[in-house]
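Visitor: Each chain, written out:
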Amino acid sequence: MRPAPVKSSLTTPDLAVISVDGLAKQFGRFAALRGVSAEFAPGRLYVILGDNGAGKTTLLRCLAGLARPTRGTVAVLGQTDVHAVSAQIGYMAHPSLLYDEMSAMENLRYFAGLYDIRDDATCARVIAAVGLDATLARPVAQYSQGMRQRLSLARAILNDPQVLLLDEPFSNVDAHSAREMAGLLTRMRDSGKTILVVTHQASLLKNAADEFVWMEAGKITRRTATLQPMEAQ
Amino acid sequence: MKRVFPILVVLVSAFLGYAAYQALVVAPTEQTMGNVQRIFYYHVSSAWTAFLLFTINFVASVIYLIRRNPAADAVALVSAEVGVVFCTVVLVTGPLWARPVWGIWWTWDVRLTSTLVLWLIYLSYLMLRRFSTSSQTPVLAAALAVFGALDVPLVYFSIWIFRTQHPQPVIGAGGSIDPRMMHVLLINWLAFLCLAALLCWARYHLERMRREIEETEALEALLEPRGSR
Amino acid sequence: MTLIAVTRATLFKDLRLEWRSKDAINSMLFFALLVVVVFSFSFDPNAEESRQIAGGLVWVAFLFAAVVALNQTWARELRNQVLDAYRVSPAPANSLFIAKALGNFIFVAVLEGLMTPLFIMFYQLRSLGPSWQLIPVAGLGTWALVVNGTFFAAMSLRTRSREIMLPLLLFPISIPALLGMVNATTAILTGELSARFWIVLLACYDVVFTIACLLLFELVLQAE
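Chains as they are written, first to last, in our numbering: chain A, 1 to 233; chain B, 1 to 229; chain C, 1 to 224.
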């Protein structure tokens, strides 16, 4: 039961940084992913689109090592055991993955420690990179949703990962901050990182993205180089 | 399966009947306790059977943790369920025996207490399997089974200390057993083992079918287009 | 070494969070006080009897307080799904376990520190045996509850009815340890028997299950 992979619209380089083969994930009787086969090239920004329930979040979780595939394989940076390369992966989800009672720097200091990063300068740098104030002592619970999203992104890029998996990074973020985040992602892509972004606001990355990956009902239906309107299929 | 099973049921029932006859009629009456003592054949046979089943569960759980073999997981589940049943028999026959003979319902007897603890541990094991929402329930259950197995010697040790400090009555044959009684006991144990094997086999078959159905439904869900949203 | 560094960082983070969300501590302390008072109303013996049953009372009270505390500490990792951030990182699973267990130990020890003087007061307890032995009993006994409690609390994160699953899983396995704690305490308070064997039992229990938890925790953490 191996569906033929939907061909990438880009010329495929030699070594894929992420490759997925026949990936299926089921929760009881519900099949969130129903056979996804794809390759993602290094140094590219991919935008993953689709309706709710298409399987985008589940795909990202499988790539991050948070969900174990029911069938098929996942290989990130050449490793089928994703945990072996977890130091090279950055992940951001719809929940903030932050401690509400701590401030921004306290949160990042803790998570940096998980990646064996002990200096405050790195934390301050990523906070500044997402446009937040590192000296802010307020606990995260008092942040606006947009600020929380940005801090969550800062946490994801703390370890300067080769692979960035972002699930709805722009939701509830104001237009200005969203553009800045998109700019940050573009710069990261230009420096050689591979970025997968799940979003409903694809227009923000309209020009920056290398490829748009459309998912529906647990499968990848097509991959396009430009953001075409949904009707023109 | 369909053809063999009824034959086995008849055979096992016959054997159980024969064993019951041995226990209730043929075996000599115990000197001090009288006929009540005959419950001993059921009490001890069930206990040995339950312990054997729990040992199987432990081994199957370890095998599962090492090899992730789904058959091992099914064996673990089956042996736990049937083991709990036999354990219940032990816990019911114990007090039934103790009360008329020694005037007490319960005593901190090593076998009875460790059976109680094992029963509780395996009930919690079955609850974990029922309540788990993880896709890796077998792993969690196997871990719990390992913990349970590690607990058993500690239970024995603690009861031993307790009994040296607070002398308690012993349920069961204190000294040596009359060889005729041993003979009847072994017959009954064998009969119970056959019953346990039959129950396990039927349950395993049921579990295998259930898993096959699940797999088929899962595959269908993967291949068919999703319903309209 | 990363294991020690992450453990320390996680422990301090938990202590800091516990300190900041004082409502959790306050409600726990109040609960502990209530348990002691309710027990005192339920069992009202004179001084002689009190020494016989105090061991059991005290440890059952500690057990209930510990279960409430254990449920709390993992609940924090579920808010905002922060646990995913840990799982995605290369930090070792055992660091998380040891940090949580130590944090729980400190938390439960604080509760015991509150409840013990109250028990002594209400029951006019005085130890007839070597009272210094109560310290290893308390330490080993608390660790026995906490090490398995932390492990099973993590396991019950993956179940429905999470909060009831913890005692369901913890109580049966803890029976030998409970026997140890209660009988050791009673032996020391009454001075009639030696607590030595019970302390050895508790030590064995702690060693066996600490090793088991450390070996199996990663499986539990990554079972999604």
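Don't take every hint at face value.
Stated by the list, open to error - Covered stretches of chain C (chain B as the covering partner; in silico rule of three or more C-beta atoms under 8 Å from a C-beta of chain B):
| no. | stretch |
| --- | --- |
| 1 | 158-166 |
| 2 | 174-181 |
| 3 | 190-198 |
Quick caveat, the hints were computed from the structure, so don't treat them as lab data. Being a predicted model, the structure only gives us computed values, none of them experimental. Think of the CB as a built atom: it goes at the ideal place given N, C-alpha and C, for glycine as much as any other residue.
Visitor: Hint by hint, say whether it matches the structure.
Guide: Going down the list of hints, with the structure as the test:
1. Remark: the stretch 158-166 of chain C is confirmed as covered by chain B, as 5 of its residues place a Cβ nearer than 8 Å to a Cβ of that chain, reaching the required three.
2. Under the rule that three or more residues need a Cβ within less than 8 Å of chain B, the assignment of the stretch 174-181 of chain C holds, with 5 such residues.
3. Under a criterion of three residues with beta carbons nearer than 8 Å to beta carbons of chain B, the stated coverage of the stretch 190-198 of chain C is upheld, 3 such residues being counted.
In summary, this structure violates none of the numbered hints.
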